[in-house]
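Order-wise, the sequence lines are chains A and B.
Sequential numbering of the first sequence, starting at 1, is according to this note's numbering.
Sequential numbering of the second sequence, starting at 1, is according to this note's numbering.
Derived by calculation from the structure, the hints in this document are not laboratory data.
Source: prediction; values computed, not measured.
Incorrect hints may have been included.
Since the list gives no way to pick one copy over another, a pair counts as held whenever it fits inside one copy or between any two copies.
Straight-line alpha carbon distances no greater than 25 Å define the calculated SDA-like cross-link-like pairs of lysine to any residue that follow [unchecked claim]:
no., residue 1, residue 2
1, Lys26, Ser431
2, Lys120, Gly35
3, Lys422, Thr31
4, Lys256, Pro335
5, Lys26, Gly189
6, Lys422, Asp64
7, Lys120, Thr31
8, Lys120, Ala193
9, Lys60, Asp289
10, Lys219, Arg36
11, Lys410, Arg50
12, Lys422, Ala382
13, Lys26, Ile261
14, Lys26, Arg346
15, Lys60, Ala334
16, Lys60, Ile261
Protein chains: 2
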Amino acid sequence: MAEPLRLGVAGLGTVGASLVRILAEKHNFLTDRCGRVIEVVAVCARDRSRERSVDLSAMKWFDDAVALARDPAIDVFVELIGGDSGPAHDSVVAALDAGKHVVTANKALLARHGTELAMKAEQNGLILNFEAAVAGGIPIIKTMREALTANSVNRVFGILNGTCNYILTRMEREGISYDDCLAEAQRLGYAEADPTFDVEGFDTAHKLAILTSIAFGTKVAVDEIYVEGISNITPADIQAAYDLGYRIKLLGVAQKTDTGIEQRVHPTMVPFDSAIAQIHDVTNAVAIDGDIVGQLVLSGPGAGGDATASAVAGDIADIAKSRPGQQYAPAFGAPAAQLAPYRQARMRAHAGGYFIRINVHDRIGVIASVATRMANENISLASIVQHTPAKQEAAKKQDDHQTIIMVTHKTTELAIRNALEKIGEDGHLVSAPQMIRIEN
Amino acid sequence: MAEPLRLGVAGLGTVGASLVRILAEKHNFLTDRCGRVIEVVAVCARDRSRERSVDLSAMKWFDDAVALARDPAIDVFVELIGGDSGPAHDSVVAALDAGKHVVTANKALLARHGTELAMKAEQNGLILNFEAAVAGGIPIIKTMREALTANSVNRVFGILNGTCNYILTRMEREGISYDDCLAEAQRLGYAEADPTFDVEGFDTAHKLAILTSIAFGTKVAVDEIYVEGISNITPADIQAAYDLGYRIKLLGVAQKTDTGIEQRVHPTMVPFDSAIAQIHDVTNAVAIDGDIVGQLVLSGPGAGGDATASAVAGDIADIAKSRPGQQYAPAFGAPAAQLAPYRQARMRAHAGGYFIRINVHDRIGVIASVATRMANENISLASIVQHTPAKQEAAKKQDDHQTIIMVTHKTTELAIRNALEKIGEDGHLVSAPQMIRIEN
């Protein structure tokens with residue numbers, strides 16, 4: 001049997017503690033499956049005295065992640081600190097410089113520094129694994145990087161944030177407001193006290209940036225992503241979507257177009273009978289359109305200590321099954337030095353269907369005026385419906401108004417924005433229009 | 001760059017021809033991603049003169065797969081012949097004996113001889129890859145064997161046969177009979193002229209046997225599987241399931257129980273809001289319950305030349321990325337020599353919910369009699385509904401009759417069978433009872 005594989009684990013939060021416990025509990029099981037012993041020989045965390053329900057007594061303690069990363073006693077550095085700078089970044093760089101394989105669950109680090117870290121790993125003949133950085137326990141990185149090696153990907157998209165999906169699921173199921181759902185998610189621990197990073201789409205964007213790079217062989221480009229969150233989605237939008245046969249999901253979408261790559265994060269209407277529409281609560285899912293295989297959809301737990309640790313342990317097991325001298329597969333599928341410069345398609349060139357909901361003053365001719373503005377931009381309507389709100393709703397309002405809901409056939413973002421601007425200038429709108437993109 | 005990886009491809013049917021074409025079209029793309037050239041240097045098929053739309057001129061031709069498997073000019077033998085004996089079996093054995101890595105899409109071969117082939121591969125330090133043997137383009141083998149290395153699997157189940165799923169989907173969508181759907185599936189090329197292997201569940205059983213071995217670390221045991229097909233499913237079953245909030249799918253299920261492993265293939269009622277219920281037409285899907293990760297669901301194309309070739313190419317790429325001298329991961333996750341003897345749980349001990357539909361003579365007291373027989377077996381009913389068929393239906397019958405539909409809470413197969421036998425002895429039944437298991 002080969003020599004034991006010695007790990008240094010930096011970060012003993014929920015995921016780190018789960019990992020250390022799992023590696024201990026499954027010691028013999030993993031030894032059988034990997035053909036060698038995997039042992040955690042050193043750990044590092046901010047607070048040594050914190051109770052973690054795992055036995056750390058046999059492990060060397062470090063206060064400094066960088067020192068742990070350089071420790072000659074470890075073969076693999078496992079980074080579970082988080083954050084795109086500071087000790088997480090510095091320790092991963094130090095580990096790669098010191099000839100250690102790296103496993104990380106850090107989406108922010110990969111989204112900001114993925115290309116350069118992959119380059120360093122490949123130059124040094126090391127493995128950089130990060131399955132847990134995207135969609136938690138779902139093996140999406142392995143699937144894209146290995147199983148689909150022969151495929152060119154045309155589009156990858158998914159539900160990458162459990163907090164947003166939980167909120168949208170409850171809004172639909174119970175007809176309650178965004179604010180009430182967010183409060184409930186916070187109470188249950190599914191949302192942070194400051195939820196901005198999740199609900200405004202930034203977490204999804206980090207994960208999408210990593211998938212985009214693997215899908216299209218381009219440098220990681222998180223800052224180019226068009227991002228819209230879910231905080232302006234109302235029960236009325238969800239009901240209108242439902243009536244039209246759609247659900248609203250926060251999707252991250254990366255897609256090849258003629259003018260470059262679209263990377264976008266926004267609330268999206270998906271048809272009921274699509275696989276992605278069936279992903280409820282905190283579950284994540286990723287769909288990949290490959291040129292050979294067609295569409296694959298993977299779903300499962302996108303967060304949580306154990307599910308994330310499962311992915312980290314899988315990454316470690318892959319390293320345990322490898323041997324020194326092997327040439328390792330590139331971190332982003334294509335060799336890092338060959339990753340193409342990223343070219344972002346202009347968002348206004350985005351082509352697709354749109355859902356538009358506007359509240360207008362109840363005047364003669366308003367629907368004709370609105371429809372004319374759409375027609376002037378060459379927008380073809382799949383449906384247009386005009387509602388007068390129920391009496392008790394209307395009674396609350398200063399002014400009688402009506403709701404107009406439109407669904408368009410394929411058009412461009414530019415045309416939609418122009419039409420909405422004109423409709424606004426015409427003075428019909430009671431409030432800002434709602435516009436939600438449709439993904440089929 | 002490493003030496004080219006030289007393939008011998010045996011079998012040039014739909015999958016083989018797709019593979020050769022893809023490897024040629026993606027030559028540079030794959031060279032970049034694998035760090036070496038992959039080339040098909042030799043092929044073998046039954047009929048050399050057949051038109052295949054691929055250029056074979058640079059490849060050595062073999063009439064005999066065993067001779068190809070032993071050719072010193074190849075590093076990897078790709079078996080796409082099919083069948084569990086004859087040239088497929090003999091050539092794979094010959095390849096492993098001659099020190100060649102093997103990639104195969106052959107479910108029957110793996111289901112019958114998987115344990116011994118894995119043993120031979122591991123003894124000789126060779127890779128045996130078979131992603132395409134189960135669920136076509138879905139990377140279920142890689143996911144279970146690699147990504148979930150740290151997980152003990154409690155249950156794996158899925159829709160593994162596109163023909164059956166296509167028939168059941170159309171029966172539900174259009175309310176037409178099994179026979180009409182089968183004829184349509186045959187017309188469209190989704191079903192064979194003799195559909196027995198697909199519709200009676202044997203194809204699903206072959207694939208399930210492979211998943212079971214990886215899931216539980218047991219020897220492959222296809223002959224132990226309990227198998228029921230879909231040919232006795234009627235539109236009335238599908239409608240009744242629908243009314244209760246279920247869809248009927250042909251599932252292969254492998255599950256740990258106290259008395260052994262249940263491997264079963266049968267029509268199954270799955271709740272609407274489960275991921276598996278949303279898998280339509282020829283699409284396949286597999287759900288895995290891991291002890292750490294929770295539930296993952298993977299869906300995608302389960303058949304077709306290109307989707308299957310995508311999986312074969314992924315297996316080849318994994319070999320291309322490996323290097324001589326590496327210790328390879330075991331074919332079934334656990335080392336073949338350590339695979340435990342398989343112990344089948346008795347089907348009569350299966351515990352779960354059941355759907356029962358019986359047609360009974362329209363007599364006073366029949367429902368009381370039926371309910372009593374169920375109660376005597378300690379079966380708790382979730383619902384019981386008695387229908388008198390609509391007049392025009394009843395008018396066709398010799399005898400007035402009624403339909404009783406029952407859904408049980410969790411009980412055992414033995415209790416259900418006993419109760420149905422007693423109900424039959426009571427003389428109430430107009431026709432054989434229908435019994436469909438429920439999987440949550």
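Cross-check of the supplied hints:
| no. | hint | result |
| --- | --- | --- |
| 1 | Lys26 <-> Ser431 | neither (58 Å within a copy, 53 Å between copies) |
| 2 | Lys120 <-> Gly35 | between (28 Å within a copy, 17 Å between copies) |
| 3 | Lys422 <-> Thr31 | neither (67 Å within a copy, 53 Å between copies) |
| 4 | Lys256 <-> Pro335 | within (20 Å within a copy, 42 Å between copies) |
| 5 | Lys26 <-> Gly189 | neither (28 Å within a copy, 47 Å between copies) |
| 6 | Lys422 <-> Asp64 | neither (58 Å within a copy, 73 Å between copies) |
| 7 | Lys120 <-> Thr31 | between (30 Å within a copy, 21 Å between copies) |
| 8 | Lys120 <-> Ala193 | neither (37 Å within a copy, 57 Å between copies) |
| 9 | Lys60 <-> Asp289 | neither (46 Å within a copy, 35 Å between copies) |
| 10 | Lys219 <-> Arg36 | between (35 Å within a copy, 22 Å between copies) |
| 11 | Lys410 <-> Arg50 | neither (56 Å within a copy, 44 Å between copies) |
| 12 | Lys422 <-> Ala382 | within (20 Å within a copy, 58 Å between copies) |
| 13 | Lys26 <-> Ile261 | between (43 Å within a copy, 21 Å between copies) |
| 14 | Lys26 <-> Arg346 | neither (49 Å within a copy, 29 Å between copies) |
| 15 | Lys60 <-> Ala334 | neither (37 Å within a copy, 31 Å between copies) |
| 16 | Lys60 <-> Ile261 | neither (46 Å within a copy, 42 Å between copies) |
Hint check: violations occur at hints 1, 3, 5, 6, 8, 9, 11, 14, 15 and 16; the rest are consistent with the structure.
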